[in-house]
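**Q** So the sequence lines, in the order shown, correspond to chains A and B. 0 is the number of the first residue of the first sequence in numbering that gives the first Met the number 0; add one for each residue after it. 0 is the number of the first residue of the second sequence in numbering that gives the first Met the number 0; add one for each residue after it.
In case anyone wonders, no lab produced these hints; they're calculated from the structure. Please read all numbers here as calculations on a predicted model, not as lab measurements. Accuracy of the hints is not assured; some may be wrong.
As the list claims (entries may be wrong) - Here are some chain A residues pointing at chain B (derived, C-beta under 10 angstroms):
1) V112
2) M113
3) E149
4) G256
5) G264
6) I274
7) F285
8) G320
9) L322
10) Q374
Stated by the list, open to error - Using 25 angstroms as the maximum straight-line C-alpha spacing, the simulated BS3-like pairs for lysine-lysine come out as follows:
11) K166(B) <-> K379(A)
12) K109(B) <-> K185(A)
13) K134(A) <-> K255(B)
14) K145(A) <-> K109(B)
15) K145(A) <-> K112(B)
16) K214(A) <-> K255(B)
17) K142(A) <-> K255(B)
18) K253(A) <-> K255(B)
19) K185(A) <-> K161(A)
20) K190(A) <-> K109(B)
21) K255(B) <-> K1(A)
22) K145(A) <-> K255(B)
23) K267(B) <-> K276(A)
24) K190(A) <-> K214(A)
25) K276(A) <-> K255(B)
Every residue, glycine too, gets a C-beta built ideally from N, C-alpha and C.
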Amino acid sequence: MKIHEYQAKEILRSYGVPVPRGRVAETAEEARKIAEEIGEKPIVLKAQIHAGGRGKGGGVRVVSSPEEAERAGKEILGMRLVTHQTGPGGRVVRKILVEEGAEIKEELYLGVVMDRSRECPVIMASREGGVEIEKVAAESPEKIVKEWVEPYVGLRPFQANKIGYELGLEPVQVGKLRGVVSGLYKTFYEKDCLLAEINPLVLTKGGDFIALDAKMNFDDNGLFRHKEIVALRDLNEEAPLEIEASKYNLNYIKLDGNVGCMVNGAGLAMATMDIIKVFGAEPANFLDVGGGATVEMVKNGFRILMSDPAVKVVFINIFGGILRCDTLARGVTEAVEEVKVNVPIVVRLEGTNVEEGRRILRESGLNFTVASGMQEGAQKVVEALKK
Amino acid sequence: MSILVDEKTKVVVQGITGNEGLFHTKQMTEYGTKVVAGVTPGKGGQQIEGIPVFNSVMEAVKKTGANGSAIFVPPAFAADAIMEAADSGVSVVICLTEGIPTLDMVMVRKYLKERGTKLIGPNTPGIISPGKCKIGVMAGYIHRQGTVGIMSRSGTLTYEVVDQLTKKGIGQSTCVGIGGDQIIGLNYVDLLELFEKDPDTEALIMIGEIGGTAEEEAARFVEKHVKKPVVAFIAGLTAPPGRRMGHAGAIISGGKGTAGEKMEALEKAGVRVVRNPAIVGNELSALLKKA
Chain A
0 MKIHEYQAKE ILRSYGVPVP RGRVAETAEE ARKIAEEIGE KPIVLKAQIH
50 AGGRGKGGGV RVVSSPEEAE RAGKEILGMR LVTHQTGPGG RVVRKILVEE
100 GAEIKEELYL GVVMDRSREC PVIMASREGG VEIEKVAAES PEKIVKEWVE
150 PYVGLRPFQA NKIGYELGLE PVQVGKLRGV VSGLYKTFYE KDCLLAEINP
200 LVLTKGGDFI ALDAKMNFDD NGLFRHKEIV ALRDLNEEAP LEIEASKYNL
250 NYIKLDGNVG CMVNGAGLAM ATMDIIKVFG AEPANFLDVG GGATVEMVKN
300 GFRILMSDPA VKVVFINIFG GILRCDTLAR GVTEAVEEVK VNVPIVVRLE
350 GTNVEEGRRI LRESGLNFTV ASGMQEGAQK VVEALKK
Chain B
0 MSILVDEKTK VVVQGITGNE GLFHTKQMTE YGTKVVAGVT PGKGGQQIEG
50 IPVFNSVMEA VKKTGANGSA IFVPPAFAAD AIMEAADSGV SVVICLTEGI
100 PTLDMVMVRK YLKERGTKLI GPNTPGIISP GKCKIGVMAG YIHRQGTVGI
150 MSRSGTLTYE VVDQLTKKGI GQSTCVGIGG DQIIGLNYVD LLELFEKDPD
200 TEALIMIGEI GGTAEEEAAR FVEKHVKKPV VAFIAGLTAP PGRRMGHAGA
250 IISGGKGTAG EKMEALEKAG VRVVRNPAIV GNELSALLKK A
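So that you can see chain A by itself, here it is in the shape it has in the complex:
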């Protein structure tokens, strides 16, 4: 789960990491009021959407008075912000963060991520801040300092020191950085993050560190023990069909093609998308109804995938194990009867009670193309598209 920058900064503030003074605003007037509270310094307004590259897209403005803040706020709020991460449709800006500007001497990078291969969190730091760390890692990996944390003992002070000295900082700065590193690690650990990142971490002309931008991704598996994080979810940032799917415990992801897919199991769902591509078509979505789908789940899944107007043909690919094919066939026929369907449907059923499942499909009187294997299914999908 992702959250907004302003929310991430509030969490960091509660862990003792210095962040700029300021608050989030939903109206231009509020923006002016916050600017007044902050005082005379330069004021920065930042569009709050779940995507990077906001500056280049026109979502970040520096102003010098509350009046200007109000004017800029009017312009940013409600705009459709397009960045390299939003896709061509962009995102509507509903909130702006209004905060004091910082006097930047240097921009650093500081992040904590889960290292899957070493099976523990790793802290990464670099003096090449303000750019994407993946770019630094690809072009000059020697500029990134890494420190792995033993989960049993947690982050030790010497490790935080080591990071500072390896970055080549002055001793007084190393001391200050230690507080930031320890606050960020604690956030990562106590909030079940998969990523907690400050980029850039600014060293000010006054010699202090301040988190100018912050990003956090939380482990969905850990959310059950963090109601305070779940409360930060912003449904405006998610695709409506994906929200609808999540209500029924379905995994749906919208893609750019026109073949609607419904599959049981995540791996088989991805493989189904892949085989569609092998035969020259493009999947419209990823939809995993689960290894143990029920008739209800199948029905809801079908309804959701059919509400995407791009879908020109549907491919249902089910490998029943514990889950029986007759159950699935019933779910599909019920769904097709309920939802108005005017596109061809290719069904491939395999596994437990497959004969009974195929009989139900045949006798439903509905127009299904039955395929006997995954490959035949993909071929029939492509044929149907050509018609």
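Keeping the supplied structure of chain A fixed, place chain B upon it in accordance with the hints.
**A** Chain B only, in chain A's frame:
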């Protein structure tokens, strides 16, 4: 032979009194798996399906000699259940639970390393040595005893591949679902090592997917240590970056963990990588004929 589990494996089911635990206990027993005990704290002394229930894994192990465990407990308690199994001296632990927090698994892995327990999963369909022992939720009847070893991060995609093999008359020595999460127990490398040593396994199938670097690590291992033929399929060539594709571990993050990278690494290591998941069985059959 087979790897990790066989007719000598005696299973304790942790969470045997829950819906899932009970249903699959029956399924496993029907398949012929020796389920000797169940554990649900507070329900010790009961019998369920003729199987004695104990309050702790330690007690179950002492009284029944269980050496394998199947875990069907909810995500919030599953990490604890794995550690309990390890502490009781169970040598192979299969954790079926989906949704265990990643940080809990970090602790579990550390705990297990110090005790030498082998963990399969979590978020796995389990493990099966056809004709001998099934610990998990896969449908037993699609399998057939034979000489192909399978390892996979996915459930139904594995059934798909097993089905392709069985329909061609090609059986399996052991099929292992390693789990779809970010931090898991035995990985491809551990299994490749076991399969390579197993005299009854002639060829291997590896089913991978986007996310992490386990397939790349496997490729390096195959290049140096594996002489048996390996066929691989990697799911997610069409998956968008930054999105979790169902499994917690199936995500391309920071441009890393793409299917393309994994395929390339495996091909370089001499693995036969197929792009069409429907022909894995055909490819393996062709390789076996050549050998």
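**Q** Please list, smallest to largest, the hint numbers that this structure does not respect.
**A** When the structure is compared with the hints, none of them turns out to be violated.
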